[in-house]
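For the protein sequence lines, the chains are A and B, in the order given. Under our numbering, read the first sequence as residues 1 to 283, first letter to last. Under our numbering, read the second sequence as residues 1 to 227, first letter to last.
Just to be clear, a hint being listed does not mean it is correct.
As the list claims (entries may be wrong) - Here are the simulated DSBU-like pairs of lysine-lysine, each with C-alpha atoms no more than 30 Å apart in a straight line:
1. B:Lys14 with A:Lys76
2. B:Lys118 with A:Lys69
3. A:Lys70 with B:Lys144
4. A:Lys26 with B:Lys42
5. A:Lys121 with B:Lys42
6. B:Lys42 with A:Lys109
7. A:Lys70 with B:Lys129
8. A:Lys8 with B:Lys144
9. B:Lys85 with A:Lys76
10. B:Lys118 with A:Lys53
11. A:Lys103 with B:Lys144
12. B:Lys129 with A:Lys103
13. B:Lys129 with A:Lys8
14. A:Lys236 with A:Lys165
15. B:Lys144 with A:Lys165
16. A:Lys53 with B:Lys14
17. A:Lys121 with B:Lys118
18. B:Lys144 with A:Lys121
19. B:Lys42 with A:Lys53
20. A:Lys147 with B:Lys144
21. A:Lys175 with A:Lys76
22. B:Lys118 with A:Lys103
23. A:Lys69 with B:Lys14
24. A:Lys147 with B:Lys129
25. A:Lys175 with B:Lys129
26. B:Lys42 with A:Lys70
27. A:Lys147 with A:Lys175
28. A:Lys165 with B:Lys42
29. A:Lys53 with A:Lys121
30. A:Lys121 with A:Lys165
31. B:Lys144 with A:Lys69
32. A:Lys76 with B:Lys129
33. B:Lys129 with A:Lys109
Keep in mind the hints are simulated off the structure, nothing from the lab. Please read all numbers here as calculations on a predicted model, not as lab measurements.
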Amino acid sequence: MININIQKQLQGSSGAMELNVDLHIKEHSFVALAGQSGSGKTTLLRILAGLEKAAGVIDVSGVLWQDEKKSVVPQKRNIGFVFQDYALFANMSVEQNLLYVNKDRELAKHLLMLTELSELKDRLPNTLSGGQKQRVSLCRALMNRPKLLLMDEPLSALDPGMRTKLQHDILMLHKEFGTTTIMVSHDPSEIYRLADRVIMLEQGRVIQEGTSKEVLLHTRGSQKFSLTGELLDIIKADVIYIAVVAIGQQIVEVVLDEAEASSFKIGQRVQVNTKAFAPSLSH
Amino acid sequence: MNALDLEPFLLSFKLAGMTTLILFIIAMPVSWWLSQTRCRCKPFVEAVTSLPIVLPPSVLGFYILFALSQNSPIGIFFEETFGMKLVFNFTGLVIASCFYSFPFMVQPLQGGFETLNKNMLEASYIAGKSRFETLLRVALPNIKPALMTALIVTFAHTVGEFGVVLMVGGSIPGETKVASVAIYEFVEVMDYSQAHIYSVIMLVLSFSVLFGVYLFNQHHNRRIGVS
Numbered sequence: 001m002i003n004i005n006i007q008k009q010l011q012g013s014s015g016a017m018e019l020n021v022d023l024h025i026k027e028h029s030f031v032a033l034a035g036q037s038g039s040g041k042t043t044l045l046r047i048l049a050g051l052e053k054a055a056g057v058i059d060v061s062g063v064l065w066q067d068e069k070k071s072v073v074p075q076k077r078n079i080g081f082v083f084q085d086y087a088l089f090a091n092m093s094v095e096q097n098l099l100y101v102n103k104d105r106e107l108a109k110h111l112l113m114l115t116e117l118s119e120l121k122d123r124l125p126n127t128l129s130g131g132q133k134q135r136v137s138l139c140r141a142l143m144n145r146p147k148l149l150l151m152d153e154p155l156s157a158l159d160p161g162m163r164t165k166l167q168h169d170i171l172m173l174h175k176e177f178g179t180t181t182i183m184v185s186h187d188p189s190e191i192y193r194l195a196d197r198v199i200m201l202e203q204g205r206v207i208q209e210g211t212s213k214e215v216l217l218h219t220r221g222s223q224k225f226s227l228t229g230e231l232l233d234i235i236k237a238d239v240i241y242i243a244v245v246a247i248g249q250q251i252v253e254v255v256l257d258e259a260e261a262s263s264f265k266i267g268q269r270v271q272v273n274t275k276a277f278a279p280s281l282s283h
Numbered sequence: 001m002n003a004l005d006l007e008p009f010l011l012s013f014k015l016a017g018m019t020t021l022i023l024f025i026i027a028m029p030v031s032w033w034l035s036q037t038r039c040r041c042k043p044f045v046e047a048v049t050s051l052p053i054v055l056p057p058s059v060l061g062f063y064i065l066f067a068l069s070q071n072s073p074i075g076i077f078f079e080e081t082f083g084m085k086l087v088f089n090f091t092g093l094v095i096a097s098c099f100y101s102f103p104f105m106v107q108p109l110q111g112g113f114e115t116l117n118k119n120m121l122e123a124s125y126i127a128g129k130s131r132f133e134t135l136l137r138v139a140l141p142n143i144k145p146a147l148m149t150a151l152i153v154t155f156a157h158t159v160g161e162f163g164v165v166l167m168v169g170g171s172i173p174g175e176t177k178v179a180s181v182a183i184y185e186f187v188e189v190m191d192y193s194q195a196h197i198y199s200v201i202m203l204v205l206s207f208s209v210l211f212g213v214y215l216f217n218q219h220h221n222r223r224i225g226v227s
């Protein structure tokens with residue numbers, strides 16, 4: 001079990017806030033950290049890595065990483081960290097990036113083979129594509145067989161096709177190495193595909209925690225359909241009003257009456273529910 | 001016209017080489033610290049290390065002379081302990097040059113270190129590597145143009161120094177009479193032809209050095225994909 005109970009004062013974009021979380025994470029699980037930007041996700045990850053200081057206790061399977069008296073340095077925490085911007089060592093080839101962490105050539109070879117990078121092992125990072133760089137970064141993070149693998153929005157800079165490929169790689173490596181993985185992500189489909197549990201942060205506090213189904217699927221009661229989106233516009237058409245809502249990459253229209261129209265503000269997060277028909281999927 | 005006496009040039013290069021080497025070792029940790037620290041005293045340290053750029057060389061030379069002379073505590077200590085004099089000899093010149101050229105080593109290195117991706121350094125710490133190993137194996141190899149600039153500009157700046165050298169070293173042939181001092185003396189005795197020859201050599205060397213640095217940096221930036 002990984003027990004995390006930490007507090008830290010942060011200067012967020014909307015003024016000061018306190019990061020205050022108490023989490024218990026099962027070993028070998030895959031946890032997604034979600035929440036709007038500025039909610040403290042990245043800071044929490046950096047505190048776990050020992051890159052930032054905070055008050056409180058971090059206990060990883062009985063090993064104390066931090067309490068009131070001491071804080072173990074990042075060098076001694078046995079973690080892997082995957083940064084959003086890859087952070088590869090630009091002066092070293094792909095293979096050297098891996099061997100820098102640990103001189104285990106067999107392991108490096110194995111990781112490069114699993115992620116289909118074997119042929120690129122002598123290339124310098126700046127000659128690789130974004131997806132290739134992130135795969136190298138993932139391999140590098142696993143070179144010291146970490147107990148805890150931390151990933152800070154590892155796929156957010158990649159295009160959708162490459163994301164799917166890397167999600168597969170991440171899941172495969174998570175299982176093969178038996179790590180406990182904590183990943184910051186904004187992408188619901190990614191979280192649904194990868195994570196066993198989702199922790200939702202807001203203003204430095206955990207507002208929701210559960211399986212990805214519990215947290216991500218919003219249908220309640222007799223609703224068949226529930227989508228969350230941003231209200232872009234409300235257009236008056238004769239006696240009714242039409243709300244324009246952006247849901248993911250799609251724009252939809254919903255009919256409102258005058259009272260409803262006046263109760264919403266443009267820019268608001270809204271939920272679109274329906275139970276009048278049974279939705280069906282088609283090709 | 002007399003045969004060209006190369007000794008002042010050799011002395012200049014010997015002085016510049018030693019100064020560059022010593023400063024590289026001393027300035028590297030200082031510039032690394034300055035680039036990484038959030039300490040409140042940073043502006044103070046930066047101001048002190050940059051002083052030699054704005055101080056008149058005569059002021060710097062005067063203080064160094066004052067601090068190292070045979071009557072000063074430091075001078076007395078070295079004289080009594082090691083039997084060494086620190087002024088009006090080559091050792092004094094090296095010490096003075098190290099003060100004079102310090103910012104020219106610190107500033108490019110600090111600038112280079114500051115442009116490094118912090119995540120890259122953190123990735124090295126997480127990989128279990130100490131700060132020192134990270135400095136040697138990740139930071140330094142990734143700031144090659146800045147490193148090159150620091151080494152060569154320090155070297156060239158030391159070759160070109162005049163005021164401090166004259167104050168602390170005087171003009172002892174074979175000991176402290178470097179090229180810039182030699183040129184000054186030729187002009188003083190109105191030997192313009194020798195002054196011209198020495199000056200042209202200095203000009204060509206200085207230009208070549210700077211041209212070489214910029215050429216290297218352009219080539220390096222193209223290779224790693226920076227426009």
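Here is what the structure says about each hint:
1. Taking the CA atoms of Lys14 (chain B) and Lys76 (chain A), the gap is about 45 Å. The hint is violated against a cut of 30 Å.
2. With a CA separation close to 27 Å, the supplied pair Lys118 (chain B) and Lys69 (chain A) stays within the 30 Å bound.
3. At most 30 Å may separate the alpha-carbon atoms for a hinted pair to count; Lys70 (chain A) and Lys144 (chain B) exceed this at roughly 37 Å.
4. Note on Lys26 (chain A) and Lys42 (chain B): the hinted pairing is violated, with a Cα-Cα distance of about 44 Å set against a maximum of 30 Å.
5. Restraint check for Lys121 (chain A) and Lys42 (chain B): the C-alpha separation of about 41 Å exceeds 30 Å, so the hint is violated.
6. The hinted pair formed by Lys42 (chain B) and Lys109 (chain A) fails the criterion: a straight-line CA distance of about 45 Å is larger than 30 Å.
7. With a C-alpha separation of about 20 Å, the suggested pair Lys70 (chain A) and Lys129 (chain B) falls inside the 30 Å cut-off, and the hint holds.
8. For the suggested pair Lys8 (chain A) and Lys144 (chain B), the alpha carbons sit about 38 Å apart, so the restraint of at most 30 Å is broken.
9. Among the hinted pairs, Lys85 (chain B) with Lys76 (chain A) is inconsistent with the structure: their alpha-carbon atoms are about 49 Å apart, more than 30 Å.
10. The suggested pairing of Lys118 (chain B) with Lys53 (chain A) holds, with an alpha-carbon distance near 17 Å, which does not exceed 30 Å.
11. With a C-alpha separation of about 25 Å, the suggested pairing of Lys103 (chain A) with Lys144 (chain B) holds against the 30 Å cut-off.
12. Between Lys129 (chain B) and Lys103 (chain A), the direct Cα distance comes to roughly 13 Å. Compliance with the 30 Å bound is thereby established for this hinted pair.
13. Restraint check for Lys129 (chain B) and Lys8 (chain A): the C-alpha separation of about 27 Å stays at or below 30 Å, so the hint holds.
14. Only pairs whose Cα atoms come within 30 Å are accepted, and Lys236 (chain A) paired with Lys165 (chain A) is rejected, the gap being roughly 44 Å.
15. Distance check on the hinted pair: Lys144 (chain B) and Lys165 (chain A) sit about 35 Å apart at the alpha-carbon level, beyond 30 Å; violated.
16. A distance of roughly 48 Å separates the Cα atoms of Lys53 (chain A) and Lys14 (chain B); the hinted pair therefore is violated under the 30 Å criterion.
17. Note on Lys121 (chain A) and Lys118 (chain B): the hinted pairing holds, with a Cα-Cα distance of about 24 Å set against a maximum of 30 Å.
18. A threshold of 30 Å between alpha carbons decides the hint, and for Lys144 (chain B) with Lys121 (chain A) the separation of about 23 Å falls inside it, so the pair holds.
19. Between Lys42 (chain B) and Lys53 (chain A) the alpha-carbon distance is near 21 Å, which keeps this suggested pair within the 30 Å criterion.
20. Distance hint between Lys147 (chain A) and Lys144 (chain B) is unfulfilled; the C-alpha atoms sit about 35 Å from each other, more than 30 Å.
21. Proposed proximity of Lys175 (chain A) and Lys76 (chain A) is supported: the alpha carbons are some 23 Å apart, at most 30 Å.
22. Restraint check for Lys118 (chain B) and Lys103 (chain A): the C-alpha separation of about 24 Å stays at or below 30 Å, so the hint holds.
23. With a C-alpha separation of about 53 Å, the suggested pair Lys69 (chain A) and Lys14 (chain B) falls outside the 30 Å cut-off, and the hint is violated.
24. Taking the CA atoms of Lys147 (chain A) and Lys129 (chain B), the gap is near 18 Å; set against the 30 Å cutoff, the hint holds.
25. Our distance criterion of 30 Å between C-alpha atoms is met by Lys175 (chain A) and Lys129 (chain B), whose separation comes to about 27 Å.
26. Restraint check: the Cα-Cα separation between Lys42 (chain B) and Lys70 (chain A) comes to about 27 Å, which is no more than 30 Å; the hinted pair holds.
27. Pair hint Lys147 (chain A) plus Lys175 (chain A) holds up; C-alpha atoms about 12 Å apart against a cutoff of 30 Å.
28. With a C-alpha separation of about 46 Å, the suggested pairing of Lys165 (chain A) with Lys42 (chain B) is violated against the 30 Å cut-off.
29. Between Lys53 (chain A) and Lys121 (chain A) the CA atoms are separated by roughly 36 Å; this puts the pair beyond 30 Å, and the hint is violated.
30. A distance of roughly 19 Å separates the Cα atoms of Lys121 (chain A) and Lys165 (chain A); the hinted pair therefore holds under the 30 Å criterion.
31. A C-alpha spacing of about 41 Å is found between Lys144 (chain B) and Lys69 (chain A), which places the hinted pair above 30 Å, so the restraint is violated.
32. Of the pairs offered as hints, the one joining Lys76 (chain A) and Lys129 (chain B) holds, with about 9 Å between alpha carbons and a cut-off of 30 Å not exceeded.
33. Restraint check: the Cα-Cα separation between Lys129 (chain B) and Lys109 (chain A) comes to about 22 Å, which is no more than 30 Å; the hinted pair holds.
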